[in-house]
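**Student:** Chains as they are written, first to last, in the working numbering: chain Z, 1 to 170; chain D, 1 to 147; chain S, 1 to 185.
Hint data in this document are derived by calculation from the structure and do not stem from the laboratory.
A few of these clues could be false.
[Said to hold, decoys possible] Straight-line C-alpha distance at most 27 Å; calculated BS3-like pairs for lysine-lysine:
#1 Z:K62 to S:K119
#2 S:K21 to Z:K14
#3 D:K48 to Z:K153
#4 S:K30 to S:K55
#5 S:K87 to Z:K43
#6 S:K180 to Z:K49
#7 S:K131 to Z:K153
#8 Z:K71 to S:K66
#9 D:K133 to S:K30
#10 Z:K140 to D:K48
#11 D:K48 to Z:K43
#12 Z:K43 to S:K55
#13 Z:K62 to S:K173
#14 Z:K14 to S:K173
#15 D:K48 to S:K21
#16 S:K87 to Z:K14
#17 Z:K153 to S:K119
#18 S:K66 to Z:K49
#19 S:K30 to Z:K14
#20 D:K133 to Z:K153
#21 Z:K43 to S:K127
#22 S:K180 to Z:K33
#23 S:K66 to Z:K153
#24 Z:K153 to D:K111
#25 Z:K153 to S:K21
#26 Z:K49 to S:K21
#27 D:K95 to S:K66
#28 Z:K43 to S:K66
#29 Z:K71 to S:K119
#30 Z:K62 to S:K66
#31 Z:K71 to S:K131
[Claimed, not checked] With the Cβ distance kept under 7 Å, some of the chain S side facing chain Z (calculated, not the full set):
#32 L26
#33 Y27
#34 I54
#35 S67
#36 Y70
#37 L161
#38 T163
#39 S166
These numbers were taken from a predicted model, which means no experiment stands behind them.
For each residue, glycine too, the CB sits at the ideal point set by N, CA and C.
Residues per chain, in single letters:
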Amino acid sequence: MRKDCSSLSTLLDKYFDGETSQREQEAVEAHLKQCPACQERLKFMSEIKGAFRRPLLETLEKETFPWLWEKIEREIRFKPRETLWESIKGWFKITPFLKRRIWIPATVVATLLILLIFPTLFKKNSSHLPLPVVEYIESKTNNVMIYELDNGKITVIWLFEESEAESSPS
Amino acid sequence: MNKRILFIILLPILFLGFSSQEAWSQIPTRLRVIEASNVGRTIDPSLKELHGQLSSLFRYTSYRLLRDERLHLSLNQTTTLPVHSGRSIEITPLKFYANTAELRVKIKREKTEILDTQVRLPPGRTVLIGGPKHGEGVVILAFSSLF
Amino acid sequence: MKSEEFELISRCQQGDQEALKEIFNLYHQKVYRIAYGVVRQREDALDIVQEVFIKLYRSIKNFKGKSSFYTYLYRMTLNQAIDYSRKAKKSLFSRPTWEKEPEPVDEETQRPDSQAAQKQFEERVQKAMEKLSEDQRGALILREIEGLSYHEIAEVMECSLGTVMSRIHYGRKRLRELLKDEWKG
Numbered sequence: 001m002r003k004d005c006s007s008l009s010t011l012l013d014k015y016f017d018g019e020t021s022q023r024e025q026e027a028v029e030a031h032l033k034q035c036p037a038c039q040e041r042l043k044f045m046s047e048i049k050g051a052f053r054r055p056l057l058e059t060l061e062k063e064t065f066p067w068l069w070e071k072i073e074r075e076i077r078f079k080p081r082e083t084l085w086e087s088i089k090g091w092f093k094i095t096p097f098l099k100r101r102i103w104i105p106a107t108v109v110a111t112l113l114i115l116l117i118f119p120t121l122f123k124k125n126s127s128h129l130p131l132p133v134v135e136y137i138e139s140k141t142n143n144v145m146i147y148e149l150d151n152g153k154i155t156v157i158w159l160f161e162e163s164e165a166e167s168s169p170s
Numbered sequence: 001m002n003k004r005i006l007f008i009i010l011l012p013i014l015f016l017g018f019s020s021q022e023a024w025s026q027i028p029t030r031l032r033v034i035e036a037s038n039v040g041r042t043i044d045p046s047l048k049e050l051h052g053q054l055s056s057l058f059r060y061t062s063y064r065l066l067r068d069e070r071l072h073l074s075l076n077q078t079t080t081l082p083v084h085s086g087r088s089i090e091i092t093p094l095k096f097y098a099n100t101a102e103l104r105v106k107i108k109r110e111k112t113e114i115l116d117t118q119v120r121l122p123p124g125r126t127v128l129i130g131g132p133k134h135g136e137g138v139v140i141l142a143f144s145s146l147f
Numbered sequence: 001m002k003s004e005e006f007e008l009i010s011r012c013q014q015g016d017q018e019a020l021k022e023i024f025n026l027y028h029q030k031v032y033r034i035a036y037g038v039v040r041q042r043e044d045a046l047d048i049v050q051e052v053f054i055k056l057y058r059s060i061k062n063f064k065g066k067s068s069f070y071t072y073l074y075r076m077t078l079n080q081a082i083d084y085s086r087k088a089k090k091s092l093f094s095r096p097t098w099e100k101e102p103e104p105v106d107e108e109t110q111r112p113d114s115q116a117a118q119k120q121f122e123e124r125v126q127k128a129m130e131k132l133s134e135d136q137r138g139a140l141i142l143r144e145i146e147g148l149s150y151h152e153i154a155e156v157m158e159c160s161l162g163t164v165m166s167r168i169h170y171g172r173k174r175l176r177e178l179l180k181d182e183w184k185g
């Protein structure tokens with residue numbers, strides 16, 4: 001692999017996906033002409049794509065989607081869409097318990113307990129929040145990449161220096 | 001409907017609403033400025049754990065701690081710190097909600113803004129911002145929650 | 001949004017099941033492709049298609065037309081499929097059982113261009129895909145299977161263009177590492 005391959009590494013993906021600008025395309029093609037390693041890499045990307053798509057296309061060809069619409073239709077007829085008012089009413093259907101006076105103090109105690117343990121519960125779960133860590137990102141001077149480490153505790157934001165793409169992660 | 005029942009239903013909703021705001025006056029965080037390079041094989045003892053976690057991503061052999069700050073950030077107030085060779089970091093906490101801090105982070109080189117980002121920082125999470133050249137290697141800013 | 005599609009969605013929002021059927025006819029194959037891309041099992045993928053359209057019917061009133069309808073539907077499908085694989089613990093990270101044992105390979109079939117070698121490679125690619133993060137796999141599924149542009153993927157996954165590029169780049173990089181025995185580059 002040539003020294004300048006790493007600087008073209010992201011561009012090669014863009015080129016493979018047809019997302020390059022005219023100038024980027026020319027740069028990649030000029031590099032490819034003299035770099036057998038990148039040619040090989042591009043070919044391998046294509047082989048992987050084929051191997052990923054083929055089984056799906058084969059199964060799709062045979063697929064008849066048996067009674068799928070009928071099942072969906074049955075399901076939505078059986079459980080028609082709830083309006084907001086209906087869902088609120090549904091909520092109140094469980095409240096007959098509350099009519100019994102004994103449940104009133106019990107509910108108050110349970111509510112207070114929940115309020116007391118709520119912050120602790122939330123603290124434990126919040127590290128698994130599905131929300132993305134990086135909500136917004138912009139750099140007018142550098143290309144930026146975001147990488148989440150597998151352990152789910154570290155997010156890496158990498159700024160590519162213009163002439164120094166080799167300093168990128170791994 | 002019985003007013004008492006309505007009260008009991010609304011009470012927890014109101015309480016949960018208030019408690020989830022959890023308005024902290026200060027948000028404890030840690031900022032480490034690290035120089036990563038391939039010169040030598042020195043790994044600062046305090047960075048060993050981080051180095052282990054980063055080994056799959058970075059190929060640097062040396063990690064040197066340049067600066068380690070514990071910051072107590074206040075909501076909507078910008079804290080500016082010089083990080084290295086003319087660069088500075090500006091951190092502004094925008095929200096603290098459900099035990100997660102939402103922060104606006106800007107990195108500037110002299111007066112030029114090179115990064116503007118908004119990140120969510122839940123407990124135990126570290127956000128690394130790396131890439132700018134520093135000496136023989138690069139500088140990495142490790143920004144972690146301490147709550 | 002096309003006017004016919006807009007009309008279909010409006011009808012569906014008013015509870016018209018015939019309109020949902022038309023949407024189903026237009027999109028069920030696309031939904032299946034994404035679902036299959038995630039769970040890689042026919043029955044699971046069919047279950048997901050069913051769940052997606054039921055969920056769509058129940059939640060379509062929340063669709064305000066801020067994004068294209070297909071990105072809304074793809075997002076719903078991807079989330080549903082990932083949830084499904086998590087819940088059923090049949091996530092691609094930990095699914096050893098359903099895959100067929102590789103068939104015995106005789107000398108003839110050992111030629112690299114033979115069908116058996118191709119099947120084996122497909123299985124290896126599949127196993128390597130299982131090792132990617134959900135985000136990387138999601139982005140690659142939308143790209144390689146559905147052929148969405150980076151911009152469309154960003155809309156479906158509700159993230160920035162840079163994040164999409166990163167997910168695709170590092171996803172492929174990881175695949176190459178995992179399949180390096182097959183790659184002489």
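**Student:** Give a verdict on every hint.
**Tutor:** Tested hints:
Proximity of K62 of chain Z to K119 of chain S is assessed by CA-CA distance (about 18 Å); at most 27 Å being required, the pair is judged to hold. Proposed proximity of K21 of chain S and K14 of chain Z is contradicted: the alpha carbons are some 37 Å apart, above 27 Å. Under the criterion of a C-alpha separation no larger than 27 Å, the hint pairing K48 of chain D with K153 of chain Z is consistent with the structure, at around 16 Å. For the hint pairing K30 of chain S with K55 of chain S, the CA-to-CA distance comes to about 16 Å; that is within 27 Å, so the pair holds.
A hinted pair counts as satisfied when its Cα atoms are at most 27 Å apart, and K87 of chain S with K43 of chain Z does not qualify at roughly 36 Å. The suggested pairing of K180 of chain S with K49 of chain Z holds, with an alpha-carbon distance near 15 Å, which does not exceed 27 Å. At most 27 Å may separate the alpha-carbon atoms for a hinted pair to count; K131 of chain S and K153 of chain Z meet this at roughly 18 Å. Distance hint between K71 of chain Z and K66 of chain S is unfulfilled; the C-alpha atoms sit about 30 Å from each other, more than 27 Å.
For the suggested pair K133 of chain D and K30 of chain S, the alpha carbons sit about 45 Å apart, so the restraint of at most 27 Å is broken. Among the hinted pairs, K140 of chain Z with K48 of chain D is inconsistent with the structure: their alpha-carbon atoms are about 33 Å apart, more than 27 Å. Distance hint between K48 of chain D and K43 of chain Z is unfulfilled; the C-alpha atoms sit about 39 Å from each other, more than 27 Å. Proposed proximity of K43 of chain Z and K55 of chain S is contradicted: the alpha carbons are some 40 Å apart, above 27 Å.
Between K62 of chain Z and K173 of chain S the CA atoms are separated by roughly 32 Å; this puts the pair beyond 27 Å, and the hint is violated. Taking the CA atoms of K14 of chain Z and K173 of chain S, the gap is about 13 Å. The hint holds against a cut of 27 Å. At roughly 58 Å between alpha-carbon atoms, K48 of chain D and K21 of chain S are farther apart than 27 Å, so this suggested pair is violated. In summary, the hint linking K87 of chain S to K14 of chain Z is not supported, as the alpha carbons are separated by about 34 Å, beyond the 27 Å threshold.
For a cut-off of 27 Å, the pair hint linking K153 of chain Z to K119 of chain S is broken: about 37 Å separates their Cα positions. Among the hinted pairs, K66 of chain S with K49 of chain Z is inconsistent with the structure: their alpha-carbon atoms are about 32 Å apart, more than 27 Å. The straight-line distance between the Cα atoms of K30 of chain S and K14 of chain Z is roughly 24 Å, inside the 27 Å bound, and the hint therefore holds. A distance of roughly 25 Å separates the Cα atoms of K133 of chain D and K153 of chain Z; the hinted pair therefore holds under the 27 Å criterion.
At roughly 20 Å between alpha-carbon atoms, K43 of chain Z and K127 of chain S fall within 27 Å of each other, so this suggested pair holds. Restraint check: the Cα-Cα separation between K180 of chain S and K33 of chain Z comes to about 23 Å, which is no more than 27 Å; the hinted pair holds. In summary, the hint linking K66 of chain S to K153 of chain Z is not supported, as the alpha carbons are separated by about 32 Å, beyond the 27 Å threshold. Restraint check for K153 of chain Z and K111 of chain D: the C-alpha separation of about 32 Å exceeds 27 Å, so the hint is violated.
Taking the CA atoms of K153 of chain Z and K21 of chain S, the gap is near 43 Å; set against the 27 Å cutoff, the hint is violated. With a CA separation close to 32 Å, the supplied pair K49 of chain Z and K21 of chain S exceeds the 27 Å bound. Our distance criterion of 27 Å between C-alpha atoms is met by K95 of chain D and K66 of chain S, whose separation comes to about 26 Å. Our distance criterion of 27 Å between C-alpha atoms is broken by K43 of chain Z and K66 of chain S, whose separation comes to about 38 Å.
This hinted pair does not check out: K71 of chain Z and K119 of chain S have alpha carbons roughly 34 Å apart, beyond 27 Å. The straight-line distance between the Cα atoms of K62 of chain Z and K66 of chain S is roughly 36 Å, outside the 27 Å bound, and the hint therefore fails. Annotation: proposed proximity of K71 of chain Z to K131 of chain S is violated, straight-line Cα distance about 34 Å (limit 27 Å). For the restraint placing L26 of chain S at the interface with chain Z, the shortest Cβ-Cβ distance is roughly 12 Å, beyond the 7 Å limit, so the hint is violated.
Annotation: interface hint on Y27 of chain S violated; nearest CB of chain Z at approximately 12 Å, more than 7 Å. The beta carbon of I54 of chain S is positioned within 7 Å of a beta carbon in chain Z (closest approach about 5 Å), and the interface hint is therefore held. At a threshold of 7 Å, the smallest CB-CB gap from S67 of chain S to chain Z is about 17 Å, leaving the interface hint violated. Annotation: interface hint on Y70 of chain S violated; nearest CB of chain Z at approximately 18 Å, more than 7 Å.
Because the closest C-beta pair between L161 of chain S and chain Z is about 10 Å apart, greater than 7 Å, the hint is violated. The beta carbon of T163 of chain S is positioned within 7 Å of a beta carbon in chain Z (closest approach about 5 Å), and the interface hint is therefore held. A cut of 7 Å between beta carbons decides the hint on S166 of chain S: the least distance to chain Z is about 4 Å, and the hint holds.
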